[in-house]
Amino acid sequence: MANHLFLPLISPILAAALAVIFTHQQWRWLARGVVLMSITFNLGYSLWLIWLIGSEGRQVTQASNWIAPFGITFVADGASAIMLCVSSLLMLVTVIYSLSSLDPGYENFYYYPLLLLLLLGVSGAFLTGDIFNLYVWFEVLLLASFGLITLGGSRPQLEGGLKYVVLNLIGSTAFLIACGMLYGTVGTLNMAHVAERMQRVQNPSIVTAIACLFFFAYGSKAAVLPLFFWLPTSYHTPPAAVTAIFSGLLTKVGAYSLYRILGQVFQGELARLAPYVLLIAGLTMLVGVFGAMAQMNVRRILSFHIVSQIGYAIMGLGLASAAGLAAGLLFTAHVMIVKTALFFIGGAAEQIYGTGDLKKMGGLARREPALAIFWFLGILSLAGIPPMSGFFGKVALLQAGVNQGAYLISGVAAFTGILTFFSMLKIWNEVFWKKAYGDMSKLPRVTPGLLLPGAALVIISLALGLGAGMLVDYTNVAGEQLFDWAGYVISVCGDEGCEAAFEAALR
Amino acid sequence: MLTLNFILALTWMVLQRSFSFSDFVVGFSLGFAVITIAQVALREQLLETAKFRRHQDIGRYPLIVWKVLGFILFAFWSIIKANIDVARILLRPRLNINPGIIAVPLDVRSEVGITLLANLITLTPGTISIDISTNRDTLYVHCIDIQDADALRDDIKQSFERRVIELFP
Amino acid sequence: MTLFELLMTGLMVLTALSMALTVIRLLIGPSIPDRALAFDLVMVHAVALMGLYAVVVDQDLLVDAILVVAVLGFLGTVALARYIEKGGN
Amino acid sequence: MILLLAIAIGTLFAGAVYLMLRRSVVKLILGLVLLSHGVNLLIFTMGDGVRRAGLPIVDSSTGIAEPGTTDPLVQALILTAIVISFGLTAFIMALAYRATQAVQSDDLDDMAHTDRL
Amino acid sequence: MQKQVSYESIILRVVARLMLPILLLLSVFMLLRGHNMPGGGFIGGLVAASAIILQMIAFGPQEARGIIKINYLILAGVGILVAAMFGLPALVADLPYMTAFWIPEPIPGIGKIGTPVIFDLGVFLTVIAVTTKIALLLAEEPELFPLAMADDQEGGAPQV
Amino acid sequence: MTLTEWICFGLCLIGVIFMLLSSFGLLRLPDIYTRGHAAGKAGTLGIIGLLFGVGIYYGDILTIAKMFALIIFFLVTSPVSASIVERSAFVTEVKMTPSSGPNDLKGRYDEQGELQ
Amino acid sequence: MLLLIVLFAFATSPMGLLARREPRVLAGWGLAILPLIIFAALCAQIPVITDGGSIVEAIPWVPAMGLELRFSLDGLSLLFALIISGIGTLIVGYAGAYMEKDVGLGRFLVYMLLFMGAMLGLVLAGNVLTMFVFWELTSVTSYLLIGYKHDYPDARRGAQQSLLVTGFGGLALLVGLLLLGAAAQQVGVPVNQAYNLDAMLAAGDQIKQTALYGPALWLIFLGAFTKSAQFPFHFWLPGAMQAPTPASAFLHSATMVKAGVYLLARLAPGLGETPLWNYTLISVGGFTFVFGAIVAFRQNDIKALLAYTTLSQLGGLVLMIGLGGKYGSEALVTLILAHALYKSALFMTAGIIDHETGTRDLNRLGGLRHTMPVTMAIVTVALLSQMGIPILLGFVAKEWALKAALESTLPAPWPTLGLMAVLLAALGYIVAAWRLFKQSFLGAPTPELLTRHVHDPKPAMLLSPAIPALLSLLLPLGLLPAVSSLLSPAAAAVYGERFSFELYLYKEVNLALLLSLGAIALGTLLATQEQRLAAHRVIATVSGAELFDHFIDRMLALATWMTRTLQSGRMRTYILYSLLSFLLFVGLPFLAYGLDEMRIPYDAELQFHEIVVVSLIPVGIIATIMARSRLGAIIAVSSVGAMVSLLFVLFSAADLALTQLLIEVLSTVFLLFLFSVLPARFRSFSPAWVRWRDAGIAILFGMLMTGLVLATAPSTMFPPLAPYFLENSLAGGKGANVVNVILVDFRGLDTMGEITVLFIALLSIYGLLRFRTQRNALPLSGNEQQRPLPGATSNGSHAAPVPTAGSSREEA
Ligand code: NA
Ligand code: NA
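Residue numbers (this note's numbering), protein chains in the order written: chain A, 1 to 507; chain B, 1 to 169; chain C, 1 to 89; chain D, 1 to 117; chain E, 1 to 160; chain F, 1 to 116; chain G, 1 to 812.
This is chain A alone, in the form it adopts within the complex (with noise of 0.2 Å):
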């Protein structure tokens, strides 16, 4: 049994215990060594955990060792493993953001133990195989995300956060609603197990509607079009790190979810549910960029992008197939990293002028020559231009909804691509080219801090881009495991599969 699989969640949750412990101001310096201790090591053991994972297959442990189906099941397969690597290397990055553009009162209010809390919720909601569990993880993230948004207490975050407090809250609401009438219907909750009986349900039916439930769940944790708008009501409300890390994966933990629940465990209903779900996908892509289109501030900008990039991932679920699957999780991975880097950036511009308001800034490409190249790599990977990773997200979203047929949906993404260009261009035109109104020399200068952390992760992105191969080969495979239920039935349960398991338990 893979039991390091706990790990990643035993790590920030001492980290984040040892540093509230630890919050005087003479132990500073130990709180700070533990968050960043904890962080690395979860970089490092997911990064460990990708090899192990490429050359061995899906990793199984079962929580405090009580067999599946009963006991709490932790799965990694290739989807789990690069959002974990990803998510705790956005952390990391984050961290060090925060370090040089926090004011320190941040840190005396827990705002690094309520980052390694966002760490843990988020990791721990991508390697169990319980849906509960799942549940309580993403409250843990949720929570520390609400946290995280409304400290500092200025009035636009208390106004944003409530809403987005509020709204998640009803989607956590169907999300437990929905666990509750899974078990009320196929009695179990371990997703292999939920997945080798829905084998056995009598489609369609009521089980036709619970999908359908955990489709609202996720898609308003994952901000698709109905149910996104807590998301531009209040992303641009906290310090840019916060946004930044909140892009980076917030809403993709929804769109995870959706894809470990529909994608796999009800995977029949997903055939079922496809073409709606391509309409909410398209639909979302093209509200998204309309609204970043309508606004002129930096953050805002980029947060309804949030809601169109959603879109794309969306549109790799409703493809519904491994290979649909697989680009969804390239493009998901890219975009988490490009979105924090141009929230870091844009922060950074943020910073400099006081405000996000693209009216009153200019002149920035002159005065930061490499403030103003990153960010330009950034939208060039976001808008998609090779060799930018974001390239490879969109090439492989359209080449499987082509090769799938669904041309109307790749149309869409297609035009929701230049969409977004030409509104990240805005940005480029206001903020970097345009000239400045006033007297730029008494402005601040971009720190290293401001300005490392966002071009690292550009340089990743072009990496990837150039790297491209592996990746995809990688997130091929990733997408392969996600799809196929049996092999995971298989790596949960043994050979016999879990009913097989529950009834000799249970004899």
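For the record, the hints were derived by calculation from the structure and aren't laboratory data. Cβ atoms here follow ideal geometry from the backbone N, Cα and C, with glycine treated the same way. Check the hints yourself; a few may be wrong.
Derived lysine-lysine pairs resembling BS3-like cross-links, with alpha carbons at most 25 Å apart [unchecked claim]:
| id | chain 1 | residue 1 | chain 2 | residue 2 |
| --- | --- | --- | --- | --- |
| 1 | A | Lys434 | A | Lys359 |
| 2 | G | Lys149 | A | Lys426 |
| 3 | A | Lys442 | G | Lys149 |
| 4 | A | Lys434 | G | Lys149 |
| 5 | G | Lys101 | A | Lys434 |
To give an idea of the chain E side of the interface with chain A (calculated C-beta under 8 Å), a few residues [said to hold, decoys possible]:
| id | residue |
| --- | --- |
| 6 | Leu73 |
| 7 | Val78 |
| 8 | Leu81 |
| 9 | Ala84 |
| 10 | Leu91 |
| 11 | Asp94 |
| 12 | Leu95 |
| 13 | Pro96 |
| 14 | Met98 |
| 15 | Thr99 |
| 16 | Ala100 |
Place chains B, C, D, E, F and G with the ligands on chain A using the hints.
Same frame as chain A, now just chains B, C, D, E, F and G with the ligands:
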């Protein structure tokens, strides 16, 4: 404090519904821990009560026990009587009551004593103590049916306060 | 069902009805202290129902639960009253 | 029993929804509280038969449960859900209070600035 | 803004002080019996927190701070640490996280002791710390930062 | 039915009747102050009777002791609840039913909530 | 080799930064060595290609996507690569002189070199996806070049427009290529070869049979037409003249705009020769050919005039591909070469005129023949070549174009249309050229010009336009065999079979020659009427650019309206959306599929007190809704919580009931802590219809939930997990309270998460209540919520905390 610790140990055993020695040990140590945690509150209360305690009361343990027992019986009887009284009022076909609030001057001084008195008044016929003046010399009592306010005041002072003051000054 | 259980169940029904009366006061108020008082009595009824239920299903495990409910009733009522005062009229 | 519970659940959800659609911060919170009651009851009905008798406590010497014991799993799940929603509710209360403080109004419609174009 | 009034209550104070040790004892009782009877870390922790919250109601949050002098934030961290660490022995033994280990014989007066009991203790500590601290924070908030409502004179916000 | 069960039933019945009375009083009495009497007293006796009955049912001394503890708890707390609710009604100026009785408390609270 | 060339181009591009310092003239010509090296390396390959060989290099990039880093050199790519690197050399040198006073020259040259690398990659690519990669890079680098003078709104606008149009086309192209790839896979090409150009073309005949061919082709056309500024996507090209002239000369004459043509030429041998292909290209190309030529002479800006002749010329190239056949291919490659030479010369001289006189407005120029004789000579040669006057390369090319139309085997009327287009365009060119020449060099200088000291620039600047102009003249005079041997493999690559052809100046009097001469004569005649023609509204020129801008504006307005409508900021609206989606997402499938499973169970065990407890729940809810005060509502909700706990008791869930009640009471206490200080009374002023609407939604929602419960709860499809926990609780979990054993053992991880949630709640609330930054105090309006004044603070940190009672760390 030691008494309290014993009481807590006893309470523990009652809760556990097991009067074995090990339970006593555990109960006693837990009681100790709890007292340690709550010592600030408890110490204040004990000091406050001790301030008003007269010297002659100390060392008359049997008398105190006797008084306590008597007090409990009295209290129970009062409570039952009170309930029946109120029931009678409630079940009257027409409500014909004359409620009001009276002020009762207090002789009892300690917080515990005042509390005991106030609670007793609340539990007994047709009266509820509402509040005690900040300087602790007046108790305000709501009565459901006042025929004679002064008689009521005297009754309270004679039957209740006297008994209370014997236990807690 | 034995006669005893039947009788006790009958008592539960009575208690439940009594509680319903209390809840009506809670519904109609009119003042906030009225509602607080009604809430206190609801909690008392809850304790009563739990006691009766413990007898009906013969589960002495519930007795400790009653203790906790009693504590809560007190806490809730006291809190309500204190904050009614704080809030003013 | 299930019918009874189902109606109770429906009522709780309906009440929650109505309250959540109000403009008052406090009503919103109360709506969320009702919502979590509704969900908890809903999960409860999903247990292995909702039965009146039989606490999910096994005989402490034999380890055998009485026949007809209720489903302990849903109880555990609801417990978890209750505690989680407690944390959330406490947070929302604090947040709502702070927002009310900042906006100087408990009217949710006054808290619409972050969306202004 | 509301006027700040105290409305001290002697009887409440006395009863609250009296209840404190008893409720704390009750909370430990609920904790320890949890594994075999209704109770456990959560319920125990919440009962203990109720005991402290009762002090806050009776004395006000500021004074209640003085009654039990604990840094609840650190206590919460310790609780989490205790709960999270109990699963580590299993990992060392190459078993999954949280696999239970038990001392074979029950300890008189307490019962069987094993890692799940320690876990429950961690839960207990966390719940006490979290609930109490949240209560303290919430209770102090209106006192430190009173509300100023724009439409105070109209007696409340409009409702739809 | 055994004797214990009869005793138990009887005690419980008394308790329930008192509880009914208290709810009834809560509905019937004219103002909050008088309702407090119904709730505070009848409710207390009701619960005492009931808990006695339950204690008797289990029969063993330990359970009865526990019930006693519970009863003492109620005796300590319920008057406090009643009293403090009444006071809250008074300080928030909930109207009293018209009567010829005295009102010695009227106007005794000052601005700081101190009682003279 | 090829890989090295592309790599070299990219890797050396940062060297452009060397030109940041003085003397920039030297830096320019110094850096020109970089393209020159490439040019030389390519020249070294000429023999291989003219011998009929080709070079292919491939390294895998993303095999799973069929994306291979594959480069191949054949006649066509060699021709293009030579043009790119050759003219690139001249342009880099020219830029150093032209932008001598511009501190940004370094940056500019980096862009230029990057662009050249992208362009080389594009023409050398042997895999359509690789080609697309470079295609996009050319768009991006050209964006940077066009927007080089980004302080000017027009430059930004032009850059954005060109990027949007070519980017849009690029996406269409991508989808088109992916469709082609899908078609290739359908006909049996393996995935990793599906985008390989050779494999694709080899399977061309089968691909043409698939249903995907048509759509794919349309999308590819879209890509090619936008890139090559074909009507109606032409408008970005004049806008792109905002680029510094060296960039225009490079991008918009010789290289980037030809990428579309190149792509079509590349695909022609395998995927061409279908009616769709030929007729579309002839129509679009022919129309653009004529349109550009006619619009050109109406322009007053030299660069605009050149831009229109360029797009016209691009139309001509597309037309040639459309005409196809051997002659079409020959004409195509000849035209490409001729155009590259004269147009780059013209652009560079236009730059010189601008540079020296300070204007490009034809109406403000004049009489430059005296002051800028050398320039005039270069312009004259280039213009003559463009007009197709004999002995210049343009003449030869025009001859071949006429021949291509005349010899075409396509059905009527397509060849005739092509012919007409060639002739009409030729007329237009003559008029345009005459207008340019007359307005700038003849007549008298304007007073403005007289005040400036106008003269020919230094040789460093003149050299670059002189060379291509000279080549336009010299190549036909004796070098035609060499040119033919270079162009033959190119034409063969377009045609798809090996063949060779010989260019000649004069062989015999044939129809083509006569037509050509006739056109020249007629053109000369028309040129005398140039003033009247220029003023005449021959074609009501709808400015595509304005239309495009209008389109963008409308789209933005739509976006704003939509966002305002959806993102209203009101919580209840958002909740409403959420609830309605719930009804939609869950209600509909439930009605469709789940309704059958709903059953109303009969329950004999139901007891009266349970009914009472349950029915008190709605009573409590109604009390909450009706409550006139906050506290009243809070109390009512608490009573509902008490009822729910009681229900748990009655249904044997003691732990649950206790926890629920504890939490209920604590939540109530928390609410009291915070909200009892709000003004006591609610005001309830909602319009009745809103309340009824909400009540309706609430009831629907409640019914749905009831229905869901009734459909799921009583049915048991599968045995549940529960018995296992009951069986193993004492034995495995060492506890009799199964619920607690589940919490701390079976599902201990849930509990771990759960206390973590509490922990986080504590930290969050602590921060929320005690951490207050200054941002609080600031006014809030619209997008603006932070420090409103740029530069108001020198401190880089986010915000300074206000010292508050709790902001320092507290002890307990
Ligand atoms: Na079921
Ligand atoms: Na996000």
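Closest C-beta approach of Leu95/E to chain A relative to 8 Å, hint status:
holds, 6 Å
Just to be careful: measuring from the Cβ of Met98/E to every Cβ in chain A, is the smallest value less than 8 Å?
holds, 4 Å
Between Lys101/G and Lys434/A, is the straight-line Cα distance small enough, at 25 Å or below?
holds, 22 Å
Val78/E was flagged as interface toward chain A. Is the shortest Cβ-Cβ separation under 8 Å?
holds, 7 Å
Check whether the Cα positions of Lys149/G and Lys426/A lie no farther apart than 25 Å.
This hinted pair holds, its Cα atoms lying about 16 Å apart.
Please check whether Thr99/E passes as an interface residue: C-beta within 8 Å of a C-beta belonging to chain A.
Cβ of Thr99/E sits 4 Å from chain A, so the hint holds.
Keeping to a limit of 25 Å between CA atoms, is the pair of Lys442/A and Lys149/G held or broken?
holds, 24 Å
Hint check, Leu81/E versus chain A [nearest Cβ-Cβ separation less than 8 Å]
holds, 4 Å
So, Pro96/E near chain A? Judge it on the closest CB pair being under 8 Å.
OK, holds: Pro96/E within 8 Å of chain A, min 5 Å.
Given Leu91/E as an interface hint, is the shortest Cβ-Cβ distance to chain A below 8 Å?
holds, 6 Å
With a cut-off of 25 Å on the C-alpha distance, tell me whether Lys434/A and Lys149/G pass.
holds, 10 Å
Measure nothing beyond the straight line between the CA atoms of Lys434/A and Lys359/A; if it is 25 Å or shorter, mark the hint as holding.
Holds - the C-alpha atoms of Lys359/A and Lys434/A are around 10 Å apart, at most 25 Å.
Violated hints for the displayed structure: none, as all numbered hints are satisfied.
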